[in-house]
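Peer 1: The listed protein sequences correspond, in order, to chains A and B. Read in order, the letters of the first sequence are residues 1 to 432 in full-length UniProt numbering. Read in order, the letters of the second sequence are residues 1 to 419 in full-length UniProt numbering.
Certain hints may be false.
Unchecked claim - The list that follows gives simulated cross-link-like pairs (lysine-lysine, DSS-like), each with its CA atoms no further than 30 Å apart: (1) B/418 x A/267; (2) A/260 x B/403; (3) A/391 x B/239; (4) A/144 x A/267; (5) A/168 x B/418; (6) B/239 x A/288; (7) B/24 x A/257; (8) B/418 x A/327.
Simulated from the structure, these hints should not be mistaken for laboratory data.
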Amino acid sequence: MMSGTVVDSSSPTAAAPDDISGSVLELDEDEDLEVFSKDTNFMDGSSLNTSMQTSPGSMVNQYKFEEEEEQSDTKDIFVTVDNPESHVTAIETFITYRVLTKTTRSEFDSSEYEVRRRYQDFFWLKCKLEEAHPTLIVPPLPEKFVMKGMVERFNNDFIETRKKALHKFLNRIADHPILSCSEDFKVFLTAQAWELASHKKQGPGFLSRMGDTVRAVAATVRGVRNRPEEFNAIQDYVEAFSQKMTSMDKITQRIIKEQKEYLEEMKECGPIYTLWSGSEEELVEPLKMMASCLDRCCRDSEEHTQYLSSNLLPILHEYVLSTETLKAVLRRRDNIQAEFEAKNEALATKKTDSEALKEEIDKLEDKLEWANNTLKGDWSRWQKSMRSDLKAAFTYTAEKNMEYYEKCLAVWESFLLSQRTEASEGGDRDES
Amino acid sequence: EETLLWLRGCGPRDMVEKGTTLLKRMEISVAEAEKRTGKNAVSMQETYTVYLIETRAVDAASEGANPAPDSLWRRYSEFELLRNYLLVTYPFVVVPPLPEKRAEFVWHKLSADNMDPDFVERRRVGLENFLLRVASHPVLSNDNIFYSFLTQEQSWKEVVFETGFQAKADSRLKALNATFRVKNPDKRFAEMKHYGDELQSVISQLLRVRARVADRLYGVYKVHGNYGRVFSEWSAIEKEMGDGLQSAGHHMDAYAASVDDILEEEEHYADQLKEYLFYTEALRAVCRKHELCQFELEMAAQDLTSKKQQREELATGTVRTFSLKGMTSKLFGQETPEQREAKLKTLETQIEDGEEMVKEKNAECEEFVKNAWVDIERFKEQKDRDLKEALISYAIMQISMCKKGIQVWSNAKECFSKM
Numbered sequence: 001m002m003s004g005t006v007v008d009s010s011s012p013t014a015a016a017p018d019d020i021s022g023s024v025l026e027l028d029e030d031e032d033l034e035v036f037s038k039d040t041n042f043m044d045g046s047s048l049n050t051s052m053q054t055s056p057g058s059m060v061n062q063y064k065f066e067e068e069e070e071q072s073d074t075k076d077i078f079v080t081v082d083n084p085e086s087h088v089t090a091i092e093t094f095i096t097y098r099v100l101t102k103t104t105r106s107e108f109d110s111s112e113y114e115v116r117r118r119y120q121d122f123f124w125l126k127c128k129l130e131e132a133h134p135t136l137i138v139p140p141l142p143e144k145f146v147m148k149g150m151v152e153r154f155n156n157d158f159i160e161t162r163k164k165a166l167h168k169f170l171n172r173i174a175d176h177p178i179l180s181c182s183e184d185f186k187v188f189l190t191a192q193a194w195e196l197a198s199h200k201k202q203g204p205g206f207l208s209r210m211g212d213t214v215r216a217v218a219a220t221v222r223g224v225r226n227r228p229e230e231f232n233a234i235q236d237y238v239e240a241f242s243q244k245m246t247s248m249d250k251i252t253q254r255i256i257k258e259q260k261e262y263l264e265e266m267k268e269c270g271p272i273y274t275l276w277s278g279s280e281e282e283l284v285e286p287l288k289m290m291a292s293c294l295d296r297c298c299r300d301s302e303e304h305t306q307y308l309s310s311n312l313l314p315i316l317h318e319y320v321l322s323t324e325t326l327k328a329v330l331r332r333r334d335n336i337q338a339e340f341e342a343k344n345e346a347l348a349t350k351k352t353d354s355e356a357l358k359e360e361i362d363k364l365e366d367k368l369e370w371a372n373n374t375l376k377g378d379w380s381r382w383q384k385s386m387r388s389d390l391k392a393a394f395t396y397t398a399e400k401n402m403e404y405y406e407k408c409l410a411v412w413e414s415f416l417l418s419q420r421t422e423a424s425e426g427g428d429r430d431e432s
Numbered sequence: 001e002e003t004l005l006w007l008r009g010c011g012p013r014d015m016v017e018k019g020t021t022l023l024k025r026m027e028i029s030v031a032e033a034e035k036r037t038g039k040n041a042v043s044m045q046e047t048y049t050v051y052l053i054e055t056r057a058v059d060a061a062s063e064g065a066n067p068a069p070d071s072l073w074r075r076y077s078e079f080e081l082l083r084n085y086l087l088v089t090y091p092f093v094v095v096p097p098l099p100e101k102r103a104e105f106v107w108h109k110l111s112a113d114n115m116d117p118d119f120v121e122r123r124r125v126g127l128e129n130f131l132l133r134v135a136s137h138p139v140l141s142n143d144n145i146f147y148s149f150l151t152q153e154q155s156w157k158e159v160v161f162e163t164g165f166q167a168k169a170d171s172r173l174k175a176l177n178a179t180f181r182v183k184n185p186d187k188r189f190a191e192m193k194h195y196g197d198e199l200q201s202v203i204s205q206l207l208r209v210r211a212r213v214a215d216r217l218y219g220v221y222k223v224h225g226n227y228g229r230v231f232s233e234w235s236a237i238e239k240e241m242g243d244g245l246q247s248a249g250h251h252m253d254a255y256a257a258s259v260d261d262i263l264e265e266e267e268h269y270a271d272q273l274k275e276y277l278f279y280t281e282a283l284r285a286v287c288r289k290h291e292l293c294q295f296e297l298e299m300a301a302q303d304l305t306s307k308k309q310q311r312e313e314l315a316t317g318t319v320r321t322f323s324l325k326g327m328t329s330k331l332f333g334q335e336t337p338e339q340r341e342a343k344l345k346t347l348e349t350q351i352e353d354g355e356e357m358v359k360e361k362n363a364e365c366e367e368f369v370k371n372a373w374v375d376i377e378r379f380k381e382q383k384d385r386d387l388k389e390a391l392i393s394y395a396i397m398q399i400s401m402c403k404k405g406i407q408v409w410s411n412a413k414e415c416f417s418k419m
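Bound-form chain A, shown alone (with noise of 0.2 Å):
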C-alpha cells in the first residue's frame, strides 16, 4: 500500500451540493435527497455476540439507564479521528483516517493506541455491534456512498465532513454504556491491520449468516400482531420525526446556497466603492471606508456560512441518518416478536414434539423480553441526547446568528463614528 499525499481538510471552500429545484419559498417533503444508504440489515438477534450471553433477568437490571447520567464525569476513554491520507493501490484508492484512543479502562492493556482505520472498518463495526446487539440504538455512520452531484469522490470537504461525522460515530460508541464495553470496540480501536483482518474473519460463518437472514425475510413476511402500543406510539413518532429532520437537513442547506450567494453578490460591491473613490476629491475618504466596511462584513458573513456548513449542518444530518437506524431497531423488534408469535401458533397446532417447542419457545420469550427492554432503555437514552444535542446545537445557531449581526453592527458604527470625525476635524471649510 502505498501511502499518498496527505489530504487537506482545512478548505474554506465549501460547496454545499446542489439540491432544491423549485420556488424560493418552498420546500416540498420531495425526493431530492435521498441518497443516503439504507441500513438494510436483516440480521436478527439470535445469533448473540457468545460473550454477552447472560440471563435475561441480569440484562434487565442493566439497562436500567439512570436519568441523570452524566458521561463527562466518568469519562474513561476518549477517541479521536483525524489525519485523513489517501492511499492508491493497483486496484483502488481509498481513504485512511488516524484513530487515537486514550483511556484508563482496564480492559485495554495500555492506555494509549494509534490505528489507521478506512470507511470499510467503521461499516464493519457498526455491523457487527448491530449483530450483537440488535435492539439498541447503535449511532449512525455518514453515508457510504457519494451524494448526488459531487464529482470527485475525494473531495476536500468530503473527506473532512466525513472525518468529523466518523469521530462522532466512535465517541457515540465510546459514551454508550453497554456498546462500548463491545469486544469489537475494543480491537477495532487497538487491533493492527492485520490483526483487524484476522478478526473479521471470526465470528458466525457465511450459511449460518445467511440462515439468520433467511428467517429475519420470513419474519418480516409474517409481521407482528400484537405490537404493544408503546412500540406503536414510538413508530409514530419516528416517522414524524425523520421528515421533520430530513426538513430541517433540506432547509439548513438552502439557507446556505442562499448566503453564499448573497456573499457572491456582496463582493462586489466594496471594489465599486473603490473605484468610484478615484474619481472623487471630498468623497475619497467615505468611500474608501464603506468598502472596507463592506468586505469586512464580507468576511463576518463568510464565517457565519462556515460555522452552519460545519457545525449545524451535520448534527441534523447526522439525526436524519439516526431515524433511518430507529426504523430498523424497531424492525428487528417485530422480527423477535413475529418469530416468538409464529413459534407460538405452531404449538397450538402441533401435538408431537412440543417438549422441544415449548422450550424454544420459552428461550423466544425470553428473548423478546430483553429485547424489549433494551429498545426501551435505549430509546430513553437516545431521546435524551437528542433533546440535548439539538437544543445545543440550535442555541449555538442563535448565538452564532447573533455574532454575525453584533459584528456587523461595530463595522457600521466605525463608518459612522469615522465620519463624524471626520466632519469635527474638517471644520467648515470653505469651498469657493
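Given the coordinates of chain A, work out where chain B should sit on it, guided by the hints.
Peer 2: Using the frame of chain A, we list chain B on its own:
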C-alpha cells in the same frame, strides 16, 4: 435670447447675495398621489396618476395662524414639460433631475409596474424633491414659469408654450447630439464631462449590484420562514421540547418577515443614488453647451480669418492659398477693377459683421463659462454633501438591520434554551 435673460438681472450672483430663493419664502410639498382616468389627445381612455402640489407662504405658518395650503394637481408629463423648459432657458445650470419615468434597476420581487403603489409613493417623494431643489436654486427659483407651475391651476401649459421655448428645445437637442470638434475647450469643462461619465458608470454598476444583493438577501431571510413552519409541525410531536420549538418558530417567521421593511428602506438609498445618476446627464448637457458655444466662437473666428485673407488676396492680387476661385480666375481671366472694387466692399462689410459676431460670441462664451462654472461649483458642493449623507444613512440603515437581527435571534435563543 439667452443674453436677454441675463440682462433681466437673474444672474446667479445677485440671487445668492439677496438670498431670496423661493424656498425661503414658500413651503412646498407634493402631498398626495391619485389615480385618474380620462381621454387623452387621441381620444383614447387612459389611466394616469396626478400629484397634489401644496404651497403655503412661510410667514403665514410662522405666525401660528396655520392657514390651509393652496394646492393644485399635476401629472408627471407636466413636470417633464417644466423641466424641459428650464433646461432650454438656463443652459448654464445643472438642472435637477426628475425621478425615473419607469422603474429600473429593479430586483425581482419589486414590481416594475408604474401603477404599483410603492412605485407611485417613491415617485411622489422624488417629485417633491425635484420641486424643493428647483425652489432652492439661486437662479431657477426665480423663474416665473416655475412659480406658475406651483400656483397657476389653469392654462399653465399654454403659458409655457407661449415662451417659445419649444423651438429652442429642438435646436438644443440637435446640438447636443451633433458631433463636432472643439480646438480649445476649457479644460475644466472637459474634466467635468469626464467626471460625469465616470460617475454615471460607477453609480450604474452600484445600482445593478445592489439589485442583485437585495434579491439574495430576500432569499436568505425568507427561507428561514421554513424553519418556522417545521418547528411548528415538529413541536406537535414533542413533549419537553414542544413549547420551545413552537415559540422559536414564531421568531423565525418574524425574522423572515422583517426583510420586507429592510429592503424598502434600502430602496430609499437606491433612490438617492439614482438622483445623482440622472444628475450626470444634466452635468454633461452643460459641458456640451459650453463646447457648442466654444465651437460657434471658433467657427466665427475661422470665418473672419478666412474673409480677411480673401480681402488681402483681393487687395494685393496674390493668391496665397489654393482656392477654386483663384484657379478659375486664373483660367478664365482677371476681373475688371470695378468688379474687384465691388467685391472688396462686400468683403469689408462681411468682415465688419464678422468682427461683431466674434465679439458677441466671445462675450457669450465668457458669460456662459462664468455662470456655468458658478453653478457647477454649487453642484459639486451639493453633490459632496448629499452623497456623504446618503452613505451615512446607509450605515444607519445597516445598523438598524443588525439590531433587528440581534433581537430576533436573541429571542429565538431564549426559546431554544427553554427546550
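Peer 1: All hints are to be evaluated individually against the structure, with a verdict given for each.
Peer 2: Results of checking the hints against the structure:
With a C-alpha separation of about 38 Å, the suggested pairing of residue 418 of chain B with residue 267 of chain A is violated against the 30 Å cut-off. A C-alpha spacing of about 22 Å is found between residue 260 of chain A and residue 403 of chain B, which places the hinted pair at or below 30 Å, so the restraint holds. The straight-line distance between the Cα atoms of residue 391 of chain A and residue 239 of chain B is roughly 14 Å, inside the 30 Å bound, and the hint therefore holds. Simply put, residue 144 of chain A and residue 267 of chain A have alpha-carbon atoms about 36 Å apart, too far for the 30 Å limit, and the pair is violated.
As the CA atoms of residue 168 of chain A and residue 418 of chain B are separated by approximately 25 Å, the hinted pair is consistent with the 30 Å bound. As the CA atoms of residue 239 of chain B and residue 288 of chain A are separated by approximately 54 Å, the hinted pair breaks the 30 Å bound. Taking the CA atoms of residue 24 of chain B and residue 257 of chain A, the gap is about 54 Å. The hint is violated against a cut of 30 Å. The hinted pair formed by residue 418 of chain B and residue 327 of chain A meets the criterion: a straight-line CA distance of about 29 Å does not exceed 30 Å.
In summary, the numbered hints that this structure violates are 1, 4, 6, 7.
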